[in-house]
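A.B. asks: Chain by chain, the residues:
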Amino acid sequence: MTRNKLYTLLTVLSLSGYAWLVFQLYAEQQNSGIGQVCIFKSVTNLPCPSCGSTRSILEIVQGNLLAALYINPLGFLFVSVLLILPLWIIADLLQKSDSLLKFYHHTEKWISKKPVALVLIVLVLLNWGWNIYKDL
Amino acid sequence: MNSTTAFVHKEYEAEKASNSYLMSLIAIMVGLPFPIINLLATFIFYMAHSKKSYFIRWHCTQALLSQLILFFVNSIGFWWTINIIYLNAEVSSAYLIYLACLVLLNLIEFIATIYAAIETRKGKHVKWIGLGRIVDAIVTK
Amino acid sequence: MEAQKVDMFIMSNNKFFESHHIPQIRELLLKADDSKWALVQTLQFQDPTTILIVSLLAGGFGVDRFMIGDTGLGVGKLLTCGGFGVWAIVDWFIIMGATKDKNINKLQQVLY
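Residue numbers (my numbering), protein chains in the order written: chain A, 10 to 145; chain B, 1203 to 1343; chain C, 8 to 119.
Simulated from the structure, these hints should not be mistaken for lab results. Just to be clear, a hint being listed does not mean it is correct.
Straight-line C-alpha distance at most 20 Å; calculated EDC-like pairs for lysine to aspartate or glutamate [what the hints assert, rightly or not]: (1) A:LYS111 - C:ASP54; (2) B:LYS1254 - C:GLU25; (3) A:LYS14 - C:ASP77; (4) C:LYS22 - B:GLU1217; (5) C:LYS109 - C:ASP54; (6) B:LYS1254 - C:ASP41; (7) B:LYS1253 - C:GLU25; (8) C:LYS109 - A:GLU117; (9) C:LYS113 - A:GLU117; (10) B:LYS1253 - C:ASP108; (11) A:LYS118 - C:ASP77; (12) C:LYS113 - C:ASP41; (13) B:LYS1324 - C:ASP54.
Take these sequences, add in the hints, and give me the full structure.
C.D. replies: Following this line, the structure appears as structure tokens:
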């Protein structure tokens, strides 16, 4: 993974994230969603591990933190990532540094460690189980 | 729509170059109403092959640019339609003409993409009229 | 290294690499020191076909990316539900090439 590739990828990801949120807010105002977008859910009828993130983020934006936590805790992760990433990328580009790339590699290594990976996998599975239980 | 010239290269290049066009076709199945889905699919493919040979990069870029043009045209049509459905804007004749052009352009692009996917798979260097020149200028050897 | 050993290695491992990389790998191995042979033999390569099947079945959760060592991309795919499904589908076409790239990188790291 090179610096440019990672930064372009992350920029595109966060931009599409913001575009999606703006679209959702707009659709909510008009009182009309486009319904289901998750392919996994349409195929299997079960929610995927990150189903409900959008609803969760929208609750956070409106200040209903508890409701957001109940829908999908991943919403908090997404909000912090969406807030921090663009600023970090811009700061890196202005200072011509690659601190984000270093951080990425560092995190990748940390996550790949067995105990950490195990805990994360269990967390994701638990959250997924809860999603299915809640029938999101 | 297309002009072809003979081009010598290896078998694996042909397959990857052809796949770049397939991306935009496959993504249609997933995100028909959303113009950005096709653009994203070709863009991810383009990013993944940014270090590959000239022939592959050339065709990834042509697929990406063609989707970029479609994205702008379709986005306008998409929001215009949303306005009409949800804000009860008036269905003017301008809208109908725009929609007809949009469908025609999409159809042309669809056929051209299928043609390009088949021909590049055979190893031919398919250059679209107009777009090919821009791609020539963008992609470095 | 002896040509016989190298040819044996290539015959049993050629499905892990791009066919146009094979001559390059052969030369690399021939030039390499004999002491590397044991190391090269212990290398674990990922089978592109297996990864493709994983990608088709569980690509939406990023399992394919985790398996070839792209942990960061794997997490990204998992959390975004396969990048709204688009990334997952594009990866069906990319993943075999990516796996082969990872394999040749592994080999090069040992040989240099």
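A.B. asks: Give a verdict on every hint.
C.D. replies: Verification of the hints:
1. A:LYS111 - C:ASP54: violated, 29 Å
2. B:LYS1254 - C:GLU25: holds, 13 Å
3. A:LYS14 - C:ASP77: holds, 14 Å
4. C:LYS22 - B:GLU1217: Distance of about 17 Å is within 20 Å: holds.
5. C:LYS109 - C:ASP54: OK: LYS109 of chain C and ASP54 of chain C at ~11 Å, within 20 Å.
6. B:LYS1254 - C:ASP41: violated, 32 Å
7. B:LYS1253 - C:GLU25: OK: LYS1253 of chain B and GLU25 of chain C at ~15 Å, within 20 Å.
8. C:LYS109 - A:GLU117: holds, 16 Å
9. C:LYS113 - A:GLU117: holds, 17 Å
10. B:LYS1253 - C:ASP108: Holds, because 11 Å separates the two Cα atoms, which is no more than 20 Å.
11. A:LYS118 - C:ASP77: holds, 10 Å
12. C:LYS113 - C:ASP41: holds, 18 Å
13. B:LYS1324 - C:ASP54: The hint is violated at about 27 Å.
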